[in-house]
Each structure stands twice: as structure tokens, then as C-alpha cells.
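Student: Numbering of the sequence shown is given in the working numbering, commencing with residue 686 and proceeding in unit increments.
In short, the hints are calculated from the structure, not lab data.
The model shown is predicted, which means the values in this text are computed figures rather than measured ones.
Treat the hints with care, as some may be off.
To be verified - Here are the simulated EDC-like pairs of lysine to aspartate or glutamate, each with C-alpha atoms no more than 20 angstroms apart in a straight line:
1. Lys783 x Asp742
2. Lys783 x Glu754
3. Lys749 x Glu727
4. Lys749 x Asp779
5. Lys783 x Asp806
6. Lys749 x Asp700
7. Lys803 x Glu752
8. Lys748 x Asp700
9. Lys803 x Asp764
10. Lys803 x Asp779
11. Lys748 x Glu727
12. Lys803 x Glu727
13. Lys749 x Asp782
14. Lys748 x Asp779
15. Lys783 x Glu752
Said to hold, decoys possible - Have a look at the derived ranges for each label pair, beta carbon to beta carbon:
16. Arg734 x Leu765: 41 to 51 angstroms
17. Pro738 x Arg804: 34 to 44 angstroms
18. Glu752 x His711: 46 to 56 angstroms
19. Gln702 x Asp766: 37 to 47 angstroms
20. His711 x Gly789: 26 to 36 angstroms
Where is the CB? At the ideal position from N, CA and C, for every residue including glycine.
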Amino acid sequence: MAQRSATLLASNEADVQLAISSISSHQIQSNRRAATIFSVSERTIRRRRAGIPARRDCQPNSKKLTEPEEQVIIRHILDLDQRGFAPTYAAVRDMADKLLAARGRGRVGVNWPSTFVKRTDSLTTRFNQAVREERSAKGYLARQLQYKEAEIPRD
Numbered sequence: 686m687a688q689r690s691a692t693l694l695a696s697n698e699a700d701v702q703l704a705i706s707s708i709s710s711h712q713i714q715s716n717r718r719a720a721t722i723f724s725v726s727e728r729t730i731r732r733r734r735a736g737i738p739a740r741r742d743c744q745p746n747s748k749k750l751t752e753p754e755e756q757v758i759i760r761h762i763l764d765l766d767q768r769g770f771a772p773t774y775a776a777v778r779d780m781a782d783k784l785l786a787a788r789g790r791g792r793v794g795v796n797w798p799s800t801f802v803k804r805t806d807s808l809t810t811r812f813n814q815a816v817r818e819e820r821s822a823k824g825y826l827a828r829q830l831q832y833k834e835a836e837i838p839r840d
């Protein structure tokens, strides 16, 4: 089945919201009439009025960690990076496993850390740069000073 484009989904969602607001404000009396006028599914209108969100607005079933747990890991990674100890994927996996163990939910997969970093914008640049420029520049200057001091004879 081909996926529908994002703009088509957004316009359809707008039509659903218009249909629901028309029903709520008593401009239209029935779900069926609103569905016909706004060219949307009657079932979608019924489900949204019952409080069932769109699938794209729900958390995927395969997502292991909750949003607060992921935020804890992100803050911890950024804190370690700020201190100069960037964690490895194995360390990130261990953090996630500890959080899941506290809830009794098993373990994350082997590829979970890399996928987590890819979908988290604030971490992407941290992991993809082997050595940050500011750190490498400071290290380079320190090494140059050591060599210069070693070359100068002291009397």
C-alpha cells in the first residue's frame, strides 16, 4: 500500500478538525452529514469525537522507553559530553537497560543506541564528530608548547 504524502495527511486532518468543530458548534447535526460535506471518513470523525487520537500522534508500540526516560538519558549524555567524557553506544545501551530493568521491561536491542542518537537532534552532532574542533585545537596548542619547551636548552 502506497503511503500518502504529508501535505495530503495534514489537509485531511484539517478537514477532520473542521468537521468536528462544525458538529460541536451545532452547525451540522450528524457525523454522516459532516463526513459528506468535508469529504472525510465518518468512522474517523466518530473515533476522534470519542477521544481516540490519530495513529501518527500516538507512541509506537515498539518504542521501549517512555519520553521522560529518554529525556533523562539525553540530559545525562549531554552532561557527560560537557565534562569531556562522551559516552559510547555501549554506555548508552547500559543506561537504557538500567531504566528498563527498574520497570521490569527487558533490554534494548543492539542497534537501539544508534537509532536513538539518529532520531534525537540534540545528540546527533555529539556522536558524529569524533573530536570536536575546540578540544582538538586546545590539545594541538598544548602539544606545540611541550615540543617548544623541550627544544629550548635551559642553562
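Student: Straight-line Cα separation of Lys749 and Asp700 no greater than 20 angstroms?
Tutor: violated (33 angstroms)
Student: Given the proposed pairing of Lys803 with Asp764, does the C-alpha separation stay at or below 20 angstroms?
Tutor: holds (19 angstroms)
Student: Given the hint of 41 to 51 angstroms, check if Arg734 and Leu765 actually sit that far apart at their C-beta atoms.
Tutor: holds (47 angstroms)
Student: Can you confirm whether the C-alpha distance between Lys783 and Asp806 stays at or below 20 angstroms?
Tutor: Status violated; Cα separation ~23 angstroms.
Student: Taking 20 angstroms as the top limit, are the C-alpha atoms of Lys749 and Asp782 close enough?
Tutor: holds (10 angstroms)
Student: Verify the proposed pairing of Lys803 with Glu727, using a straight-line Cα cut of 20 angstroms.
Tutor: Outside the cut-off at roughly 38 angstroms; violated.
Student: With respect to the beta-carbon atoms only, verify the hint that Pro738 and Arg804 lie 34 to 44 angstroms apart.
Tutor: violated (20 angstroms)
Student: For a C-alpha distance cap of 20 angstroms, please report whether Lys748 and Asp779 respect it.
Tutor: holds (17 angstroms)
Student: Holds or violated: Lys783 and Glu752, Cα atoms, limit 20 angstroms.
Tutor: holds (15 angstroms)
Student: Given the hinted pair Lys749 and Asp779, is their Cα-Cα distance within 20 angstroms?
Tutor: holds (14 angstroms)
Student: Under the criterion that the straight-line Cα-Cα distance not exceed 20 angstroms, is the pair Lys749, Glu727 satisfied?
Tutor: violated (33 angstroms)
Student: Between the alpha carbons of Lys803 and Glu752, is the straight-line distance 20 angstroms or under?
Tutor: holds (16 angstroms)
Hint check: violations occur at hints 1, 3, 5, 6, 8, 11, 12, 17, 18, 20; the rest are consistent with the structure.
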